[in-house]
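> Listed below, chain by chain, are the residues.
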Amino acid sequence: MIRTKAILKYLGFISLFNALFLCISASISLFLHEDSLIPLLYGALVCAVLGIFPQLFVERIDDITVHEGMAISVLGWIFTCLVGMIPYFMWGGEFTLANSLFESVSGFTTTGATILNNVEILPKGLLFWRAATHFIGGVGIILFVLIILPEKKGIRSSIYHSEVSGLSMLNFRMKAREIANIIVAIYLSLIAIEIILLKIFGMNWFDAVCHSFATVATGGFSTKNLSIAYYNNVGIEIVIMFFMLISSMHFGLIYNTVRGRKLNIFTSNVVRSYVTVIFIGIFLVAAQLTVEKVYGFGESLRYAAFQVISLGTTTGFAIVDTPNWPIFAILIQMYFTIQCGMVGSTSGGLKFDRIYLFFKSLIKQIRLAKHPQGIYAIKVDGTLIDNDMELQTAVFILLYIITFFVTTLLLTAMNIDGITAFSAAITTLGNAGPGFGRVSSLGNYSGLPDAAKYILSGNMLLGRLEIMNIIVFLTMLSRKH
Amino acid sequence: MKITNSLKTKILAGFLLLIFMLAIAGVMLVMEFEKVETSAETIINNNCTSIEQARYMLNAMDQQNKGLLLFLQGNHEEGTKIIIAADSIMNQAIKTASQHVSEIDEEKYIDKIKEEYNKYYTFITTLLEKDDGVTFTENDPIFSTYQQLDFAAKDAINSLLQLNEKGIEKQTLSMRDNAKRAIMPAIVSLITAAIFALLLHFFISEYVINPIRNITDAVSSFYPEQYNLKVTAYTKDEIKNLENEINNLIHRFLHVKNMMDGKNEKD
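Protein sequences, first through last, are from chains X and E.
Quick note: the first sequence, position 419, residue 419 per my numbering, numbers continuous.
All you need for my numbering is the position in the second sequence, starting with 1, plus 481.
Hint data in this document are derived by calculation from the structure and do not stem from the laboratory.
Values in this document were obtained by computation on a predicted structure and should not be read as measured data.
Just to be clear, a hint being listed does not mean it is correct.
Under 8 Å between C-beta atoms, here's a sample of chain X residues computed to sit facing chain E [said to hold, decoys possible]: (1) Ile38; (2) Ile52; (3) Leu56; (4) Met90; (5) Trp91; (6) Gly92.
List of simulated lysine to aspartate or glutamate pairs, EDC-like, C-alpha gap at most 20 Å [claimed, not checked]: (7) Lys717(E) x Glu687(E); (8) Lys717(E) x Asp35(X); (9) Lys9(X) x Glu687(E); (10) Lys593(E) x Asp568(E); (11) Lys661(E) x Glu34(X); (12) Lys661(E) x Glu515(E); (13) Lys199(X) x Glu178(X); (14) Lys651(E) x Glu94(X); (15) Lys5(X) x Glu687(E); (16) Lys661(E) x Asp63(X); (17) Lys651(E) x Glu724(E); (18) Lys635(E) x Asp592(E); (19) Lys717(E) x Glu34(X); (20) Lys651(E) x Glu34(X); (21) Lys576(E) x Glu558(E); (22) Lys516(E) x Asp63(X); (23) Lys124(X) x Glu687(E); (24) Lys5(X) x Asp62(X); (25) Lys124(X) x Asp35(X); (26) Lys717(E) x Asp63(X); (27) Lys721(E) x Glu59(X); (28) Lys651(E) x Glu597(E); (29) Lys651(E) x Asp386(X); (30) Lys489(E) x Glu687(E); (31) Lys516(E) x Glu687(E); (32) Lys651(E) x Glu59(X); (33) Lys595(E) x Asp568(E); (34) Lys489(E) x Asp35(X); (35) Lys576(E) x Asp543(E); (36) Lys491(E) x Glu34(X); (37) Lys516(E) x Asp62(X); (38) Lys661(E) x Asp62(X).
By construction, the Cβ of each residue, glycine as well, lies at the ideal position given by its N, Cα and C atoms.
Required output: the full structure, derived from the provided sequences and hints.
What follows is the structure, given as structure tokens:
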């Protein structure tokens, strides 16, 4: 049985966490005498009030069930996205109700798709809040809350297991309660290092902080209309490419690399395959751009590398607009918005590990078809994959395809052209951000109808929660307890 | 029972939070509406006044052209009179415009008007002072000079006019945004207050109504051999106290009953 008061109590913690970041954003507006002070401050006030209220009434609850953990995870994300839109909606400008919700969901789910035609007109406080939604969403608001909660029996693992997929647990060779700490430590370390490097290469502190939040969270919100193209700085591009790639790798493997353990990002077969696929993609796109004389070889390589890594890691930064690129190059990039990064990272999407596992499973099925009496096992980095995991992966891939197909259909029913609808559906589900057509790298989603924005907002949440969690949650609600 | 566990304190704290939030919303509403008022005042007191004065200036220059025309036609007295009167209007308009500056660099625009007008007026007065009268045709260099000075002065005045018209547009947009921002706290407060009310209803049901119902059911189903009420209020508040006291009452009754049973047996 799900205890509503338990869920309300932990949603309250989440609300207080959001209030903290809203206060920081409001402080920036206060310091700079901006007109976003009141919207941010009021947003913080509402979050604080809604957060404190359950703490007054509900006593300490130490025995959270798995079902309650799942409900906290799903509702926590939805609630966070809803309160996150308050400052946007109150500030006005381009932020209508649909636009505010879209921008908030895009921030927290680290999609990075924007409805803004002019980002630079936003006050710094609001820009910081926008970046902070990536920071919070990147590692997961739930994980942040887990860090601050006391270690009581059942709380962490109940909530944690609904936030992190089973596949990502493979490379965490430690107890579940340490994993949240490791993820957050790696996350914060990467952000700190990137801020310093971006500052060295020429960004100011504010932009360095905002872009670091967006890079490590693989979000993609930039403080500039032209995204990274604004800087026209190869040093900055290399730093961002490096951190996008690192952030799309399993954090457990990064931790192992730092600790000098045997299974790390250099020895993992999955990472090797992932990086190889990325480099093949870069080569193919660069070759196509050179052959078609879109750019010279050097420029082709530079643009191809950045765009492929950006989309493949679901970040969404851009240094060039791509709608006029040859169709082959566009299709290669579309593949990467489906594949996306690795499990255990901040990337969204289908995840490379699932595709890796799918192909291994396919090979196993082919072998079984040839030798029905044979016994074949799948191993990923030395870990035996059981049939349940194989089935889960196959079901997830199928569910993923069905979801983006349905979304594409709904968008095309609203008179949106095919390329735009398809790419918007796939990039929002994969939390990648920019697509093609009207929603290209340096474009935005403002031209889409409001109904499309609501559907895509739902799509982004489905992607972030890996679809299954929401379905399970809805079935839980429909049961009579 | 600690004060922080008291139901009364919790409910009171809940209402105080709600009142606090609504009060802050009210303050924010007032602050934003004050901005709207400031924008409106700026428009009315400064921008509109500057536009009005710019139109007076243009009118004054037209009057001077008319006066000059009369002078050239031979009506010296009438022409001079009109020119002097128009000059007076012009100077007054420039002075008034200088007192209602609201846009960035507006003083520079007014200084430019003064400079161009002075050149223009000096040229006209030079023409008026010529003893042998003045006549000039279209190809005359004096006519060309006059035209240039006339256009330059009017351009400067039109620039001031356009500056203030853009200023009005900017202020109007700012008013629209400020008005929307003023309403937003109210809308968000209403929605939040509604959610808050639902939450309060839930908590009161969970922590007040349901425990009272449970105790009521337990009391009505109580039988003498049952040592305690079969209900547990798990919060440390007034409801728990009620449960404890009812259990104490039961124990006292049972104690008295046992004593009386013991007495009867002896008898």
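> Each hint should be assessed against the structure and marked as holding or not.
Hint check results:
| no. | hint | verdict |
| --- | --- | --- |
| 1 | Ile38 | holds (5 Å) |
| 2 | Ile52 | holds (7 Å) |
| 3 | Leu56 | holds (5 Å) |
| 4 | Met90 | holds (4 Å) |
| 5 | Trp91 | holds (7 Å) |
| 6 | Gly92 | holds (5 Å) |
| 7 | Lys717(E) x Glu687(E) | holds (14 Å) |
| 8 | Lys717(E) x Asp35(X) | violated (46 Å) |
| 9 | Lys9(X) x Glu687(E) | holds (14 Å) |
| 10 | Lys593(E) x Asp568(E) | holds (16 Å) |
| 11 | Lys661(E) x Glu34(X) | holds (16 Å) |
| 12 | Lys661(E) x Glu515(E) | holds (13 Å) |
| 13 | Lys199(X) x Glu178(X) | violated (32 Å) |
| 14 | Lys651(E) x Glu94(X) | holds (16 Å) |
| 15 | Lys5(X) x Glu687(E) | holds (8 Å) |
| 16 | Lys661(E) x Asp63(X) | violated (46 Å) |
| 17 | Lys651(E) x Glu724(E) | violated (67 Å) |
| 18 | Lys635(E) x Asp592(E) | holds (13 Å) |
| 19 | Lys717(E) x Glu34(X) | violated (47 Å) |
| 20 | Lys651(E) x Glu34(X) | holds (17 Å) |
| 21 | Lys576(E) x Glu558(E) | violated (27 Å) |
| 22 | Lys516(E) x Asp63(X) | violated (51 Å) |
| 23 | Lys124(X) x Glu687(E) | violated (43 Å) |
| 24 | Lys5(X) x Asp62(X) | holds (13 Å) |
| 25 | Lys124(X) x Asp35(X) | holds (10 Å) |
| 26 | Lys717(E) x Asp63(X) | holds (19 Å) |
| 27 | Lys721(E) x Glu59(X) | holds (14 Å) |
| 28 | Lys651(E) x Glu597(E) | violated (28 Å) |
| 29 | Lys651(E) x Asp386(X) | violated (66 Å) |
| 30 | Lys489(E) x Glu687(E) | holds (15 Å) |
| 31 | Lys516(E) x Glu687(E) | violated (45 Å) |
| 32 | Lys651(E) x Glu59(X) | violated (53 Å) |
| 33 | Lys595(E) x Asp568(E) | holds (12 Å) |
| 34 | Lys489(E) x Asp35(X) | violated (40 Å) |
| 35 | Lys576(E) x Asp543(E) | holds (19 Å) |
| 36 | Lys491(E) x Glu34(X) | violated (37 Å) |
| 37 | Lys516(E) x Asp62(X) | violated (49 Å) |
| 38 | Lys661(E) x Asp62(X) | violated (44 Å) |
Taken one by one, the earlier hints fail for this structure at numbers 8, 13, 16, 17, 19, 21, 22, 23, 28, 29, 31, 32, 34, 36, 37, 38, listed in ascending order.
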